[in-house]
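Number of protein chains: 4
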Amino acid sequence: VSRIFAGLFARGEVAARTSDQAFVQAMLDAEVALASALARNGLAPVDAVEQLVTVADAASYDLTELGRGSAVAATPVPALLRMLRERLGACAAAEYVHRGATSQDIIDTASMLVARRALASVLDDLGTAAEHCAELADTHRLRLQPGRTLLQQASPVTVGLKAANWLSGLDAAHAGLLEIWQHELAVQLGGAVGTLAALGERGLAVMADMARELELAPPQLPWHTVRIRPARLACALGMTLGVMGKVARDVILLAQSEVAELSEHAEPGSGGSSAIPHKRNPVDAVAVVACATRAPGLVATMLGSMAQEHERGAGGWQAEWEPQLELLRLAGSAAASLRAALARLEVHPDKLERNLAGTGGLVMSESVTALLAQSLGRERARELVEIASQTAIDQGRTLREALLALDAPGARIDPDALEEALTPERHLGITGVLIDRALAAHRELARGG
Amino acid sequence: VSRIFAGLFARGEVAARTSDQAFVQAMLDAEVALASALARNGLAPVDAVEQLVTVADAASYDLTELGRGSAVAATPVPALLRMLRERLGACAAAEYVHRGATSQDIIDTASMLVARRALASVLDDLGTAAEHCAELADTHRLRLQPGRTLLQQASPVTVGLKAANWLSGLDAAHAGLLEIWQHELAVQLGGAVGTLAALGERGLAVMADMARELELAPPQLPWHTVRIRPARLACALGMTLGVMGKVARDVILLAQSEVAELSEHAEPGSGGSSAIPHKRNPVDAVAVVACATRAPGLVATMLGSMAQEHERGAGGWQAEWEPQLELLRLAGSAAASLRAALARLEVHPDKLERNLAGTGGLVMSESVTALLAQSLGRERARELVEIASQTAIDQGRTLREALLALDAPGARIDPDALEEALTPERHLGITGVLIDRALAAHRELARGG
Amino acid sequence: VSRIFAGLFARGEVAARTSDQAFVQAMLDAEVALASALARNGLAPVDAVEQLVTVADAASYDLTELGRGSAVAATPVPALLRMLRERLGACAAAEYVHRGATSQDIIDTASMLVARRALASVLDDLGTAAEHCAELADTHRLRLQPGRTLLQQASPVTVGLKAANWLSGLDAAHAGLLEIWQHELAVQLGGAVGTLAALGERGLAVMADMARELELAPPQLPWHTVRIRPARLACALGMTLGVMGKVARDVILLAQSEVAELSEHAEPGSGGSSAIPHKRNPVDAVAVVACATRAPGLVATMLGSMAQEHERGAGGWQAEWEPQLELLRLAGSAAASLRAALARLEVHPDKLERNLAGTGGLVMSESVTALLAQSLGRERARELVEIASQTAIDQGRTLREALLALDAPGARIDPDALEEALTPERHLGITGVLIDRALAAHRELARGG
Amino acid sequence: VSRIFAGLFARGEVAARTSDQAFVQAMLDAEVALASALARNGLAPVDAVEQLVTVADAASYDLTELGRGSAVAATPVPALLRMLRERLGACAAAEYVHRGATSQDIIDTASMLVARRALASVLDDLGTAAEHCAELADTHRLRLQPGRTLLQQASPVTVGLKAANWLSGLDAAHAGLLEIWQHELAVQLGGAVGTLAALGERGLAVMADMARELELAPPQLPWHTVRIRPARLACALGMTLGVMGKVARDVILLAQSEVAELSEHAEPGSGGSSAIPHKRNPVDAVAVVACATRAPGLVATMLGSMAQEHERGAGGWQAEWEPQLELLRLAGSAAASLRAALARLEVHPDKLERNLAGTGGLVMSESVTALLAQSLGRERARELVEIASQTAIDQGRTLREALLALDAPGARIDPDALEEALTPERHLGITGVLIDRALAAHRELARGG
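Sequence lines, in order, name chains A, B, C and D. Read left to right, the first sequence gives residues 1 to 449 (the numbering used here). Read left to right, the second sequence gives residues 1001 to 1449 (the numbering used here). Read left to right, the third sequence gives residues 2001 to 2449 (the numbering used here). Read left to right, the fourth sequence gives residues 3001 to 3449 (the numbering used here).
No lab work stands behind these hints: they were computed from the structure. From a predicted model like this one, the values you see are computed outputs, not experimental measurements. Certain hints may be false.
[Claimed, not checked] In silico DMTMM-like pairs for lysine to aspartate or glutamate, Cα to Cα no more than 20 Å straight-line: (1) C/K2351 with A/D394; (2) A/K351 with C/E2425; (3) C/K2351 with C/E2401; (4) D/K3351 with D/D3407; (5) B/K1351 with D/D3394; (6) A/K351 with A/E425; (7) B/K1351 with B/D1436; (8) D/K3351 with B/D1394.
[What the hints assert, rightly or not] Chain D is faced by these chain B residues, among others (derived, beta-carbon under 7 Å): (9) L1178; (10) S1257; (11) V1259.
We put the CB at the ideal spot given by N, CA and C, even for glycine.
With these hints in hand, go ahead and build the complete structure from the sequences.
Below, the structure is given as structure tokens:
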């Protein structure tokens, strides 16, 4: 990840939790947990664990040296072990560290640990973003807004309903990540070829103890070349980014100069352009969309890496390492940016009213059609409303005027009924119910999470 | 999908279930279910439902005509409705069909229905493929095989363990699809902008009844532009294809002329080449890999379509239609091909033995190192085994010979202990336990599914 | 491809040129060209070619039967040859057809032939779309329009400049496809393993003659597992779809109810919604975006298939077949839709003026800042304009009013100079020059193409 | 990019050339070139350029500070300008720096500059890798090797021909990148909305001078939202990675324990496993495959970002930044790894002979069929060879024995002719010619490049 673009792509708590140092720490934690599990099963002295702990601080390791080592062995683990053993010197731990394991065990376990730690902050920011949506949904439940299909005004909705839809998406993504966080992140321990041969009869017990130590799930089988776990994580992150992208794109569209129903409240100095002084760009929403745009390709990489050969992949496995970290970082950054965007979102009632009125009643054509259909039938009603709509557009009149001026058999319309049909508030269907359902589901998730 | 490549990409039951006609049938089923739900809620006469049913057979609709209609409205629904109403003529149903709904409701619901029907056959073929793996795992649990990392022989495994790993992957994919099949496939009904405005107070009840009618889940909220559901389906299919690709690639690698541990039993005339008469190509496994290779890009398309604008996406939604069908078809075709490949898989014990012996004992170096480490320490043991391995390779001798000829301090090795360390059967760790775990989990899934 | 969605994804001439029948015809054409090249090199009797021609009409082949055959051999070629030879019966041609070739030679050559034929219609529609842009650029070169960055009004441009930018993109894509069409589409002929062993010394000559016959390039080497050619085609199509997506998205955004600067002229009955009578959806632009959204995943599939093993890929090659056809079809459909959208694009001068005026002069802030900077320096000028902009926004005043009311040292502004700085026409830079450059380049391409 | 995996993914010269510091340097170089072009056109004093040069060393900028700035403006440019102006203090340059430009101009130009510098080292390593292939092709032109289709032995080729095919792929990729390097990398200068309004009549001249200064191409039009240039670069890199992946995968397959025709010569300590002492993993080839596996998703991201809105993309543009850098880094790393793998590639003649003989003559079935077809016709010949092949496989005999034992009408075979047909050297077709063509084309490219 580039430091200079960190404000968009390495934002929030997640950045530190997916850093090189965090990954090395996770590898060291995996070695410590393995040693501890060995000790618990009588395969290593307890002393060895304590010795190992004293040298297991990633801050003291030279990351560049590790990188050089990764060129020689196609993984950084042998270099890490060499550095570890140098530090251990004549300690017994030098003999026991990594016993029974292979490089993949350490890297896969570390990847899962990093995921566990990073997801916690993704979930946190995502939850707060959802909370902001819940507030919007509740506060603006009756605030009318043009509903838009194919970006054309169609029928009225409310700001609250739009926020409730966002909320339902963010909550679904949250629940998906939570499920992963709670059940899918597992230790990997298989030894050279997945038989745990070096641990004799104790393999399964060591794996279980190591998992417990790290608060990871113990897998049914080692999963060295069955890559459903990393793929599931990637997919859940990809979907989360997809939902956040939807919310952010809506914000950007609603913040357009000509729409202006919402805006990111401008802190002094924020959102400016290097050429244009007056601009108030929706920068946080833009950052979310930028992160989201990058997700599908990375998920494709994770899925495209799944066909790993025999007992260790020759390229596919290695290809997973950075994309998984990037997906975590992008999801976390997007969540932090979305949270920020929503926290300072301003709703502009005057613009909402202006836009809703802007089509001269055309936004009510569905409800007017329903009214006319009662007496004329659906087909004829639709035809008349189309004619009136066209007249209204051509002559710059309102739909009401055009309808009342219709000169066609059976086209007499009761003005009171028409008035009602043209009233957006009367054409909101089950908007309130839907908002309540979204809020209730959100509260349930918040309790359970 | 191309008919001429159907043998690879439109194979098995899934082809018919994802055809154009199947999709039109699903759209018609959605309209019927909606009418039925309207009737149940007093919003349409019961007669209308019966009339509708009589004209709801997709076989009588002109698909090309529908296609032409989709150019005008960017969906085929208005054309379908026109054709439907023509058939209904003066029937009351003509007035009530599609009431309250919008095109997206019908297409999204039809997509989910098609998914439900197609998944049933994907699950069936996938389950049978898994069953074949379970048999392999059980039958060959002790049949020795070289374990390979980075495609190099590393340490011994058994054919049964490899099959158990495949099984665990296929079962995990199966469970993921089953979860989708049972809980994620939902009706979509929102009306023009997701408020169900045209149905007054009855919107929620109509949605629930329509869902029940179609055996789909009733969603918390309409999901017209919150696209987690199609994305989840796509991801689950992508992961399933990824796992199948892993199994098939292993089969292809094991069927190589120089490895030849497995082969697809050749039916007369199958697997041949247009240039080479003697070839026995693993054609079914190749078809699986071909399907799997196409999945990541399609999943990326589904994820890349998620940021849909406001209350109806302008491009993103439409972009989902065919890729979702393709993913279903590819997953089903791959499952059918994998099932066929595994059903006629032959294991060649002589080649397994020859290959395991082929490295002159090097495949046992891990276990020999463990033996030496007991007296010499890990570092020194590893060093000696590396020297002996190099000598064995250079001089074309076995590892045993090279080890016994080592002339180094402390390098005296007990021949009996060495013999044991060189015996693959003694170096299988918890292979049997892992196979049992995979089989037990499989039986549980089979019961539950 | 689905027939029912053909209006979006199988539109225009390209649909027939990428059909199953078109592909079979191309395979038959390849066999005929090979036979003809064999005859020219004395390796087959001339009679055989004539006999072959009589049975080389794809319309008479059963595509479903071919599909069944593709399950057995993992390609449809053996089945096609069987059907061909049945038709030839005792003719000499039965003995000579396919001589020296392997299945891959026929499929790869047919893919390239189909690409050649399909690209011709893609280029045609793309060229016409570009022509429409050229007309827009010329006709509306001085028609003011708000320029927008991050979807916020920034500084003025003209409709003509926007169209010139579209034009430059479409022309660049066109030139890229033309380059492929002219130079990259090559015959493939390598025989079983790329040595053309069955043709003795005449291999190269046969390849060259076959290429000439088909108007394809003769490659330096057979390219059975060096897949740069299909990848280049895919990339060029992907980029073309990307550029078209940009144009179409701009159209959709400019057609929004609240912007309304452009619209797709509504033919009666087109663009309607199944729920909303008054809608005039930009359906053709939506179809373009839908096609474009599907391209990146398909290109990724083509690139992800490149690592094909040894002398024939086991999965990667087969995975190319349908995605390449789909990319051709999507590019052609998008070009047809874009051409249609641009042909009936209406420019709405009143809305352009309204929108440009809508920010009360803020859209001129860059030019005002430049004016003030002459006396105050850049930093101070920017500061004052920011203050005035904020005041204007807060108090609902114009930027002019806010600037003239500024009460700050050195903030006295000459009203005439301010007037000029606030005049959009004076702040268009080299707009005219850029339009001319785009038009000149377009005419050059049109001549050369 | 992660430092700890640098040995696989940030290898060779390219790493430094795509670093954060390299990018900041390129941004500073862009500002200097712009100032210089302004001065040349009388729009800035020459002094300003000199002042600017003194503060334009990226090493003195705080990258983390820049990153923080990128959160506020969604680009790091405003923060960079602030830091630049602080350093300039009261110098005149502070007033002129960035004049006429917008953030996108600087970032896009810097991206192109970084690409230019990074591509030089990609081309260098790629060219050396190709050179190694040329040597292999020449040295081993007659060294027989089994040709393999679908990973099954098919007909003989030579090591030299395989290398020549690799060479043709690497050269085609090289030519593609060179074309980009020479013609496609262009300066971007458009100002706020692409009109260069702030530069009056001199916009075009400034753009041309800025381009000359940086050795980049001057574009026809600014390309702020027409993203063909970055897409072309991405595609060319993606294809280059695809070709390298093919070569590396072949190496890995040929280095399998059971094939062993090639190996990466093991430096002491390289290629080892943390669990298995004897392993000699093809680590460099694995690194290449890992890089290549990551490319398609990143190219998809670049293509998926192309539909950028109006005059500046709201998410799509920002999404390009890191993936473009990653593609450069991955292509360069893969080229460095491939170069290393090929430089130490060992060919094992004994294993080649053993493998070719391993099928008991079946690898010659195509040539034997051709022999028999002379008297029996193609169909009957093929049938007999299939029977004999099956017999040979079933009874563990050679194809010769099986053929001579055939007891069928017309199956009498002349032993001498059979001997010749079974001689691989006589069945190489135009292998030598193809090798010569690849070498000649390579020498031409090497001269021209």
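Structure-based check of all given hints:
1. C/K2351 with A/D394: holds (14 Å)
2. A/K351 with C/E2425: The given pair, whose Cα atoms are some 28 Å apart, is violated under the 20 Å limit.
3. C/K2351 with C/E2401: violated (24 Å)
4. D/K3351 with D/D3407: violated (35 Å)
5. B/K1351 with D/D3394: Holds - the C-alpha atoms of D/D3394 and B/K1351 are around 14 Å apart, at most 20 Å.
6. A/K351 with A/E425: Holds - the C-alpha atoms of A/E425 and A/K351 are around 17 Å apart, at most 20 Å.
7. B/K1351 with B/D1436: violated (26 Å)
8. D/K3351 with B/D1394: holds (14 Å)
9. L1178: violated (28 Å)
10. S1257: holds (4 Å)
11. V1259: At about 5 Å, which falls below the 7 Å cut-off, the nearest Cβ of chain D leaves the hint on B/V1259 intact, so it holds.
This entry does not satisfy hints 2, 3, 4, 7 and 9, going by the numbered hints stated previously.
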